[in-house]
Every structure is written in C-alpha cells, then in structure tokens.
Amino acid sequence: MQNQLHRNGQVQERAGYFEVAGAHLYTVLHEVTNPVARVLLMGPFASERHNSYLPWVRWARSLAAANIEVLRYDYRGIGESTGSFEQMTFEDWSQDVLLLSAWLQNRSPHVPLFLHGLGLGAVLAGRAFDEGIGEGLLLWSPPANANQALRATLMRWVGLEQIFKFGDDRKSASDYIRSIEQGSPLDVDGYRWPVSLWQRSFDFALPTALASEEAAAQAYTRPVRIVKLTRDAAPLTKGGVVGYDDLKDFGWLYAPNLEWILSAASKSGKGVACA
Amino acid sequence: MLESIGNRELIALDGLGVRLQGTYHRPADHAFPLPGSDPIANRPGVLFLNSLSLPRAASGDSAVRWADFVAELGYPAFRIDLPGLGDSAGDASTDLLDSINAGRFEAVTAAAMHELATRFALPGMVIFGHCAGSVSALYAGASSPDCKGLILLDPYFHLPQAKRSPFRERLSDWARRSSLGTLLSNLYDRVRNLRLSLQGEAPPANANTQLLNRWKQVTATRLPILLLQAPGIKAQGSKPRVGEFNYIDYVVKLAGRKSRVSAEFVEGADHSFANREGRAAVQRHIAAWLVSHFPLPGPSLNVRGVSALRAGETQTDSENTQTAPADRCCALEGR
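Each protein sequence line maps, in turn, to chains A and B. Just so you know, numbering that gives the first Met the number 0 puts the end of the first sequence at 274, numbered straight through with nothing missing. Just so you know, numbering that gives the first Met the number 0 puts the end of the second sequence at 334, numbered straight through with nothing missing.
Treat the hints as calculated values from the structure; they're not laboratory data. Remember, it's a predicted structure, so these values are computed and weren't measured experimentally. Just so you know, not all the hints are guaranteed correct.
As the list claims (entries may be wrong) - One side of the interface only, derived from the structure: several residues of chain A facing chain B at Cβ under 10 angstroms:
hint : residue
1    : ARG48
2    : GLU79
3    : LEU97
4    : LEU98
We put the CB at the ideal spot given by N, CA and C, even for glycine.
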C-alpha cells in the first residue's frame, strides 16, 4: 500500500516505507506515466537534510514535471526513516542505495536509471555507479570521502552555534574534531555521531575515477556530470538563512542539470517508451 | 512500499484543498486497559506543526521522538507538513516568517485539526508548536473549537527583523568573538535596557499585537497552555538578555490568574530543544502536563518513565552533552 500525496497532471507523489534489514526507509516516489528516465536521489547527510529539504523536494518535482520519475528517501536512522542513527554505518547506507536502485530499476527495466547525489549522497551514488549501477551519474559537490562530508556538516553546525555564543563559550570546529578523535562521540544538531562513524569516514571514499569528469570519461562508458555548487546554492551548500534561502528560486541550478539528464537519457541506448 | 509500520502510519489531509502529508503515531496498546473500551475516546490527539521551514521531523528528528513518546503515553500523535513545507503540496511563501507571524497557517491548521478529529473520532486536539510553529499554533488555537490545549516551545510575540544586512552580521560576529566586541555589546545592551525602562511595562513597538490579541482570546477561554522556554542568547536564567523585553512574564500576566497557563524554564536546552537535555525536558514536561489536563483511564495514566524513542532507537536522553544550535535566523532575535 502506498500513500498518495497529490496529483498534478500526470505526476503523483507517493510516500511509503521500504523495508530493509532491521529498519524501514521513508521514501517518496514522484511517479509519472511513461517516464523518459528514472532518478534515485541521494540527499544530504543528517542535519543537512533538514536545512536543504525544500530545494531538494522542489528539484524532485522539477524532474517529475519533465517526465522523469524520481525516488527520494531518508537515510536509515535519519528523518522519517527508522533505525538507530548511532548504530548505522556507511555500509548500511550503501546497502540501501543498492536495494532502492534495484527496486526503482525493476519498475520498468527499459527506462534508463540515473543516480544523483549531493554531499555524502554523492559518495554513495558514486560508489554504486562504480559497481555498475545506473545509466548515468550526476554529482553535486562530491567530497573526496565521507570525512569531508562530515566536516562540512560539522563546520556548518559550529558556524551556527557560534551565533549564539559569546567569547570563551565559543568552541571551534577543531575543538570538536579533537574531541571526537580523542574518543568522545559528538552531538551535532541533534544527532549523536559515534567515534566509529568518524574513524570509518576517512576510508569511505568516492572512487578515484570520479575525481573529475575527464577521469570519469576515461573510466566509464556511461555519462557522468559533476557540478561544484557555490554559495549561491545555499542551503544545498554551506550558508544561507533558513526560512529565506531555502525558498528562493533555484531554476538556474535545476534547468541545466535537467537538460543534461534528458540529453543523457536520450543517448543511453535504452528504449524510451512512449516518450 | 508500506504506508504503515509499527505504530506509524502515513496519512494525507486535504485541509483547505491543499494535500498535506503527515505521520500518525498510534497510541500504544497498553494505553487501552479496559476490554471493549473505546481506544481513543476522551483523549485528545497531539498535533505537531513545522517549525518555520523545517520538515515535520524537526531539528535532530526531535518531533519524531516526541510524537512516539506521546503515543506511548496513550495519546494519538500527528505530525504534518503545512502547505509548501516538507512533503506537502503548495508553494511556500518567500516571506515565510512574516506570513506566519501574520497568521498564514491559521485556517489550514484549524482545518487539519478538524479533519483529524473527525477521521479519528477524537474529542479535539492539542497543538504542539516550536518557535514559528508556536505562532501558528496560537493563531489556530484561538480560532478553532477543536483545539483543547497548546504546547508552545520558545514562542515569540514580536515581529523579528526580516533579515539582517551582511554588515550587521559581520558586526555581530565580531562582537561575539572579541573581548572588545563583547564589552561593546554589553554596553549596547545597557543602553537598550535604559530605553526599555523608560517605556514602563508596555511591550516594545515591534510587538506582534495581532498575536498578543489572540493570546488574550485563547487564555480567556481557560484553554490549558504549556509554555517551555529555553535559555536565550546572553540570557541569565529565565530572564532575557539585558535590554530585551520579557515577553514571557508579560504574557503570563496578561493571561491573568484564572488562566491555565504553565510556564516552565528548561535549563540546558538550546532553542531547538534538540539537544539531549532539551529533548528529555520536553518529554518530562509534556507527560506531566498531558496527564494532568487530559487524564487517561486505567493504569496507563501514570507517567511510567516512558522512554519510547524511534523504532530501533537505543540512545538514552539522560546524558549531559554539548548543546545543539538553534535554528538559523532565529526568530527570537530582535526582541
């Protein structure tokens, strides 16, 4: 059973829970009739999910409006998904990508599947793509490894926290990093980061072939697009003001990426039914 | 894909023609001690609203935990995304904060409450709002007969400055990190305090008079209200920063002695209440308040130190840890 959100023309959004080992992932399928492509969205990490939720949902809706079916979801232990965040590993989150991409692909195997990730999601998407999943890959601001994604999240949180602290009460990002490296878990914006998460993040890396589009072109026959987002893309990137910047117009970002997906889908070699 | 797992069920509402996405947290089975008794008769539901533009899980997924906790106590809990927010349909206003302060979500919240009360055969709803969510809760509470109580976390009753200039941001940042800046900031506070003392007990010019009127309306009906207040910026205990008007004292006085307003200060919480002290304190306070104002029949009426968190959750909320930050662009600034 699925929960239909709304229907706009041929687009309807269905929220549901997807069962994985020991937990359920919250998913929203932006379902379209006869899609020209499918995209699995892998969003930002932990507290970044909340900051970037509105532009991320609007991106999904933009894709769906262009006849691209989209599945977005919450990582295990985060947001509406169940599971204990403290017990999650990067391998768990990787496993979720494999399961969801298989589910999405099986909806109609003749339609090309694209993976799209932002921040930590880009690392997850890149690794899945490297394993042969998907007909195309779109990365927004991919970090070299998960540790960079954690640091970016930490930096944003520290920056915000400092707004509310004066003088000696202000702790720097290096204070927090020192603390977790000395074995104390960190509470970052309501999420407790276990020490093991930090330690393992250094080795959970983006495949080296995805360091640049040029390298990717040599390593893969499938299309790859890598976009480094600037501060203009806040709150998808660091910066911005909640309640203001998450409501601004992101058409300048959506349009070229949408065009790229449509173009790559048409060249994918997979038949596009009724497109 | 499933639409229901454990005690959670995904729901959609059609408040005022806009499709709203939400999550229903079913009350625990142990809350129905009497065979054949109506499981949810005489117990209101608790409706959680978005805090500004955050999705319905709230900072650190606190709302998910609190809703699970409320359900474990025996009260149906609902979290919804208001129009244009989270997974709901509709467009969010680009002047979201201003529009919320003017009551933008009053009608849709009231409609959602009515729809939930009807669909789940509830006698009414308690609205739970945090920061800007508490403003929407108050507007809706004053206008809807379905509202049976309010839980307001860090409510504010002024009209915040929409957005600070980059220069002002840099100046504030400098004041926070340098000794001289802190000194000047303290001096600035003293000057503001002098100005404040000259105006007597009247609220400042930037008070949200429309909201204060709603407050008067709603407290006059003796609706039970729980106010939870976290320490503010440069605050000393429950008192606001020097030079800032004490709105909490003001609205408690405004409510009068016959009102049923409980104001509690939550030491150790941050504005988001997402840190462990904040989360735990919210649970303690809402449990005591719900049981006091909306007692349940049978043994479940006891607050049994319920520690229900998220499915599979193992963390305890009793440890002292670092605080999490407030939301960016905190609406509390500029009082």
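Against the structure, the hints come out as follows:
no.	hint	in the structure
1	ARG48	holds, 8 angstroms
2	GLU79	holds, 6 angstroms
3	LEU97	violated, 17 angstroms
4	LEU98	violated, 12 angstroms
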